[in-house]
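Using this note's numbering, read the sequence shown as starting at 17 and increasing by one per residue.
None of these hints come from the bench; they were simulated from the model.
Please read all numbers here as calculations on a predicted model, not as lab measurements.
Virtual Cβ for every residue (Gly too), placed ideally from N, Cα, C.
Keep in mind that the hints are not guaranteed to be accurate.
Said to hold, decoys possible - In silico DSSO-like cross-links for lysine-lysine, where the CA-CA straight-line distance does not exceed 30 Å: (1) 161 / 211; (2) 90 / 169; (3) 169 / 211; (4) 137 / 211; (5) 190 / 151; (6) 139 / 161; (7) 137 / 90; (8) 90 / 182; (9) 90 / 119; (10) 211 / 90; (11) 119 / 151.
Unchecked claim - Quick list of simulated restraints, FRET-style, between CB atoms: (12) 86 / 182: 28 to 36 Å; (13) 195 / 81: 39 to 47 Å; (14) 164 / 132: 22 to 30 Å; (15) 100 / 163: 32 to 40 Å.
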Amino acid sequence: MLKRPFLGLALAAALVTTSLGAFAAPLSYTIDPNHTDVTASWSHLGFSNPLAHFGQVEGVIVHDADNVTASSVKVTIPLAGLNSHVEAFDEHLRSADFFDAEKFPTITFASTSVEAAGEGKLKVAGDLTVHGVTKPVVLDVTINKIGEHAMAKRAAAGFDATTTIKRSDFGVGKYAPNVSDEVIIRITTEAMVPKAE
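Produce the complete structure using the sequences and hints provided.
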């Protein structure tokens with residue numbers, strides 16, 4: 017009579033182990049641009065805090081839950097995806113006054129280290145390249161969820177991240193300090209393991 021409960025427990029343990037193994041580290045996730053948004057906000061003369069969105073994000077996130085230091089991030093953000101909801105302002109931001117998008121069409125980030133920073137938190141250091149200038153930055157990252165995507169039925173991961181940079185460090189400091197030099201960057205992303213061929 018005792019064999020059945022023990023058998024059930026063994027099967028349950030095997031299922032849990034298999035389920036966790038399905039997402040065993042490291043896994044390489046491709047960023048989903050339809051569910052990823054990078055925003056930048058700043059102070060405009062102290063009166064308002066405008067927001068610009070950067071879409072069409074491409075990249076790969078490698079996450080190793082067993083050894084987070086083996087994780088990595090590599091992202092490309094085309095300036096073609098810039099959207100402040102004011103077309104004339106978007107054109108000004110892409111002009112030589114700021115990003116000079118014709119000469120420097122993308123922003124890139126490549127991690128140099130990843131460290132645990134508490135329950136569900138990471139510190140991701142890396143090189144941010146804007147306007148042809150590369151500077152080190154640190155992202156404060158929250159792991160939103162790692163598991164099977166309910167719709168795609170594939171391993172997926174979701175993260176939020178924040179950092180603050182000085183735009184003048186990247187040669188896009190026009191109108192500072194009246195328009196704040198400090199810019200708050202916020203990122204939310206979903207990424208999935210590619211479909212099997």
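Structure-based check of all given hints:
1. 161 / 211: Cα-Cα ~19 Å, so holds.
2. 90 / 169: 24 Å, holds
3. 169 / 211: 10 Å, holds
4. 137 / 211: Holds, because 28 Å separates the two Cα atoms, which is no more than 30 Å.
5. 190 / 151: 18 Å, holds
6. 139 / 161: Given that 30 Å is the threshold and the Cα spacing comes to 17 Å, the pair holds.
7. 137 / 90: 18 Å, holds
8. 90 / 182: 21 Å, holds
9. 90 / 119: 21 Å, holds
10. 211 / 90: 20 Å, holds
11. 119 / 151: This hinted pair holds, its Cα atoms lying about 19 Å apart.
12. 86 / 182: 28 to 36 Å: At 31 Å between Cβs, range holds.
13. 195 / 81: 39 to 47 Å: 41 Å, holds
14. 164 / 132: 22 to 30 Å: Since the Cβ atoms of residue 164 and residue 132 sit about 23 Å apart, the hinted range of 22 to 30 Å holds.
15. 100 / 163: 32 to 40 Å: Check passed, 34 Å falls within 32 to 40 Å.
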